[in-house]
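Trainee: Sequence:
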Amino acid sequence: MELPVMPPVSPMLSKPVREIPPGMSYEPKWDGFRTICFRDGDEVEFGSRNERPMTRYFPELVAAARAELPQRCVVDGEIVIATGTGLDFEALQLRLHPAASRVTMLAEQTPAAFIAFDLLALGDDDLTGRAFSERRAALVDALGPGPSFHVTPATTDIATAQRWFDEFEGAGLDGVIAKRLDGPYLPGKREMVKVKHHRDADCVAMGYRIHKSGEGVGSILLGLYRPDGELQMVGGAASFTAKDRLKLLAELEPLRLGDEVREGDPSRWNSAADKRWIPVRPERV
Numbered sequence: 024m025e026l027p028v029m030p031p032v033s034p035m036l037s038k039p040v041r042e043i044p045p046g047m048s049y050e051p052k053w054d055g056f057r058t059i060c061f062r063d064g065d066e067v068e069f070g071s072r073n074e075r076p077m078t079r080y081f082p083e084l085v086a087a088a089r090a091e092l093p094q095r096c097v098v099d100g101e102i103v104i105a106t107g108t109g110l111d112f113e114a115l116q117l118r119l120h121p122a123a124s125r126v127t128m129l130a131e132q133t134p135a136a137f138i139a140f141d142l143l144a145l146g147d148d149d150l151t152g153r154a155f156s157e158r159r160a161a162l163v164d165a166l167g168p169g170p171s172f173h174v175t176p177a178t179t180d181i182a183t184a185q186r187w188f189d190e191f192e193g194a195g196l197d198g199v200i201a202k203r204l205d206g207p208y209l210p211g212k213r214e215m216v217k218v219k220h221h222r223d224a225d226c227v228a229m230g231y232r233i234h235k236s237g238e239g240v241g242s243i244l245l246g247l248y249r250p251d252g253e254l255q256m257v258g259g260a261a262s263f264t265a266k267d268r269l270k271l272l273a274e275l276e277p278l279r280l281g282d283e284v285r286e287g288d289p290s291r292w293n294s295a296a297d298k299r300w301i302p303v304r305p306e307r308v
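Heads up, the sequence shown is in this note's numbering, so the first residue is 24 and it goes up one at a time.
No lab work stands behind these hints, which were simulated from the structure alone. Treat the hints with caution; some may be incorrect.
[To be verified] With a straight-line cut-off of 30 Å between C-alpha atoms, the simulated DSS-like cross-links for lysine-lysine are:
hint, residue 1, residue 2
1, Lys298, Lys266
2, Lys235, Lys212
3, Lys266, Lys212
4, Lys235, Lys298
5, Lys266, Lys219
6, Lys38, Lys270
7, Lys38, Lys235
8, Lys38, Lys217
9, Lys217, Lys235
10, Lys266, Lys38
11, Lys217, Lys266
12, Lys235, Lys270
13, Lys212, Lys298
14, Lys270, Lys298
15, Lys219, Lys298
16, Lys235, Lys266
17, Lys38, Lys219
18, Lys212, Lys38
19, Lys38, Lys298
These numbers were taken from a predicted model, which means no experiment stands behind them.
Modelling step: build the complete structure from the supplied sequences, incorporating the hints.
Mentor: Next comes the structure, spelled out in structure tokens:
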């Protein structure tokens, strides 16, 4: 593979804001796997947001890229799996499986699609330094209508963007992304803006994991009570400052259930990650 933009590439990121800002280009925020697709003839590679290889998990998209994309290109987008009612993120997560036979079976049962929203390279041209308005126009010209690769809708009308935000919630769309029309593509930089749907819930701390540094709390495991009274894990909270990690440890350690340490589900992204966690009495909300 020899392209003007070579893998791995860290995708350009977004920063959260409360309201949709004026004077920008707007797109739906897709709930899938952020992925950059590299094609050089028959060679196709997919790279994740964290620059991890994703190619083996989506064989149907490798074949589709050869059929639907320009011969030499680099496309930024989102891998999604659509159902009759919206997008299915859990079906995507099932793809991250070590057995090739299972991946092949799932590719046939629940084929994925690629939603393209930026063009980083075309032919011998590196487009990352050009304005987004130019890259967007080139993307629309380069990708024709195909069964697997689609160009995301976009608008400069803030009223349309607000309507997308209001109407698409619950269909697997996570909000709205806003981009500067004159902005270059800056890998790894938070140059875009995202407005996400927010829902609040009073969750119970079920346990915690020690930070990878060995000091303080790395993440808190959260639960909600089911109608039958059972406490069910629903997610977690992380990204604490060093000071807060130590403060949380001081709060949660006295609630430990003896010396018990439980095994967590293995990470599909990082098989070496330590997923063990320490359960606590459900007294912190």
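Trainee: If a hint holds in the structure, say so; if it does not, say that too.
Mentor: Now for the hints, and whether the structure bears them out:
1. Lys298 - Lys266: Given pair Lys298, Lys266 holds - Cα atoms ~22 Å apart, limit 30 Å.
2. Lys235 - Lys212: Roughly 25 Å separates the two Cα atoms, so the pair holds.
3. Lys266 - Lys212: 26 Å, holds
4. Lys235 - Lys298: The hint holds at about 11 Å.
5. Lys266 - Lys219: 28 Å, holds
6. Lys38 - Lys270: 27 Å, holds
7. Lys38 - Lys235: 25 Å, holds
8. Lys38 - Lys217: OK: Lys38 and Lys217 at ~6 Å, within 30 Å.
9. Lys217 - Lys235: It holds: about 29 Å lies between the C-alpha atoms, which stays within 30 Å.
10. Lys266 - Lys38: 24 Å, holds
11. Lys217 - Lys266: This hinted pair holds, its Cα atoms lying about 28 Å apart.
12. Lys235 - Lys270: Satisfied, since the Cα-Cα distance of roughly 16 Å is no more than 30 Å.
13. Lys212 - Lys298: Roughly 29 Å between the alpha carbons, so the hint for Lys212 and Lys298 holds.
14. Lys270 - Lys298: 21 Å, holds
15. Lys219 - Lys298: 28 Å, holds
16. Lys235 - Lys266: Between Lys235 and Lys266 the Cα gap is close to 15 Å, so the pair holds against 30 Å.
17. Lys38 - Lys219: 10 Å, holds
18. Lys212 - Lys38: 9 Å, holds
19. Lys38 - Lys298: 28 Å, holds
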